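There are 2 protein chains.
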Amino acid sequence: MEKLIKIIDKSIDSYMDIDGVYQAKIFEAMRYSLFTGGKRLRPIFMIKTYEIFSKDINNVLPFATAIEMIHTYSLIHDDLPSMDNDQFRRGKPTNHMVYGEAMSILAGDGLLNLAFEIMSKSIEYDNEDNGEYKRKIRAIQEISKNSGVQGMIGGQVVDLLGNHENMNRDKLKFMYKAKTAGLFQASVVAGAILGGAKEEEIEILRNFSLDLGLLYQIQDDLMDAEEDRKINKLTFLTYYGVEHTELKVLELTKKVFDSLDQLKNRNIDSLKEVTKLLVKREK
Amino acid sequence: MEKLIKIIDKSIDSYMDIDGVYQAKIFEAMRYSLFTGGKRLRPIFMIKTYEIFSKDINNVLPFATAIEMIHTYSLIHDDLPSMDNDQFRRGKPTNHMVYGEAMSILAGDGLLNLAFEIMSKSIEYDNEDNGEYKRKIRAIQEISKNSGVQGMIGGQVVDLLGNHENMNRDKLKFMYKAKTAGLFQASVVAGAILGGAKEEEIEILRNFSLDLGLLYQIQDDLMDAEEDRKINKLTFLTYYGVEHTELKVLELTKKVFDSLDQLKNRNIDSLKEVTKLLVKREK
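Chains as they are written, first to last, in the numbering used here: chain A, 1 to 283; chain B, 1 to 283.
Chain A with its partners taken away, still in its complex shape (with noise of 0.2 Å):
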């Protein structure tokens, strides 16, 4: 694990290695939030979930590395002043506090756009196969729906304007599954496409990672509950309760092992493993 967190690294850095160009400040704001701390989960996820169906890891590294700076802009963005004004992430200062608001703002445009210039640059199209950038371009447009307005974005927009009286089931299911598990499911569906799964193998996948963003996301609410509580933010936790969301963690725990052992002709010891890691982790 500890391998493949640094070989996505050091994708990244290949990326905000521009010294001495006129525009250098936005690339030392990105990188500062690119290497605060993150946990990779998202392009562990995809590079785990391709390796169940292919070995060279050259070919879904430039989507890991657009994966975790779509995650990121989303981070610096959620930060800012007029949306959550944190000040502190992962115990270090947030972007905008240190750079300033207007080059935060710069800073999230530029990782969301470099995030498609590179996953577009990845394609050869004179050095590949038919098949391969078939599945490059059915790559980008799978990430780039579920980090969307009708994905990532749409859910920030109902958490946005969501409070305890307007929430209804319905919409608060769509917030869970747009906002955290629509880049799970971005991540671990490119994944399986670019390594060549079959289409049921796919959308076994696929519900694999909805459930798991969601088990994440509401784990998140659990351990954040006493400050949710205080600002009384609208959670999956404040609206059902302790005792009705501690069941669905039990549930989703199960549905994600589950989606996982159907892939039974597979070898999925790896992508259990990291899911195991995620489903019992600590704070």
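Please note: incorrect hints may appear among the correct ones.
[What the hints assert, rightly or not] So the derived label-pair ranges between C-beta atoms look like this: (1) B/I231 with A/E28: 23 to 31 Å; (2) A/R281 with B/V21: 30 to 38 Å; (3) A/N58 with B/D170: 33 to 41 Å; (4) A/G196 with B/K248: 49 to 57 Å; (5) A/N58 with B/I231: 47 to 55 Å; (6) B/K92 with A/V279: 46 to 54 Å; (7) B/V21 with A/K198: 26 to 34 Å; (8) A/G131 with B/R229: 56 to 64 Å; (9) B/G100 with A/E28: 28 to 36 Å; (10) A/D224 with B/G100: 21 to 29 Å; (11) B/K121 with A/D129: 20 to 28 Å; (12) A/K276 with B/K55: 53 to 61 Å; (13) B/I231 with A/Q87: 24 to 32 Å; (14) B/I231 with A/M1: 47 to 55 Å.
Simulated from the structure, these hints should not be mistaken for laboratory data. All figures in this text were calculated on a predicted structure; none of them were measured in a lab. From the three backbone atoms N, C-alpha and C, an ideal C-beta is built for every residue, glycine too.
Based on the hints, put chain B in the right spot on chain A.
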């Protein structure tokens, strides 16, 4: 021209028509800025360039729509309080004045993401010949580079950090090339690529679009001279003075039409016509 603008507007509108979803507010906010009197210059130049080489406008329309979304997101974010703090644009309240800062940030993010979603989705890899989707991939690569940290966003960073003390000729040149000319270049070059232009034609049109973008921005400076002086804004005009700037306008105007005349074996009447309109524009 009016007919073409209607086609572009209809295409933009087709992506905004999502009633009844939980995140409807962001579609409202995106639509607000997409339809506040933009001149659709970038899509028009993309389509007019495309039409020199190909006739079926449906292949270029998603890209023309995407470039207008990228342009619009950049205006929404530019206008934010921590950036230019503009309260009005084209005589109407800016996005954040209507929808608040948080929603404006998300609306900008949403439009940037949607642009790449639309472009990548336009590739129907099962129904197109090889050349068709190669061209589309290359167009995405061209647009993403010019809208990103090496292009428009990079130029915005230099603009944000620049002042009369720390500026120099090369830096100013980079800023102008990247900021406004970046998206003009992306529009024209993507149009040429999608249309199937030859490599040497693409390069002629690249030079044309860069000069045109510079010209457009410098004309803006001349028109906004009084206001820029008030806020002590650094522009080509305030850096070089009015005489040098007016000479530059003449020089660029000549270069723009000289470039077009190099495409002598093609019918460039229509592109020349919109170029003339742009060059002679009044505020």
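For this session: Please write out, lowest number first, the hints stated earlier that are contradicted by the structure.
Result: The structure conflicts with no hint, since it agrees with every one listed earlier.
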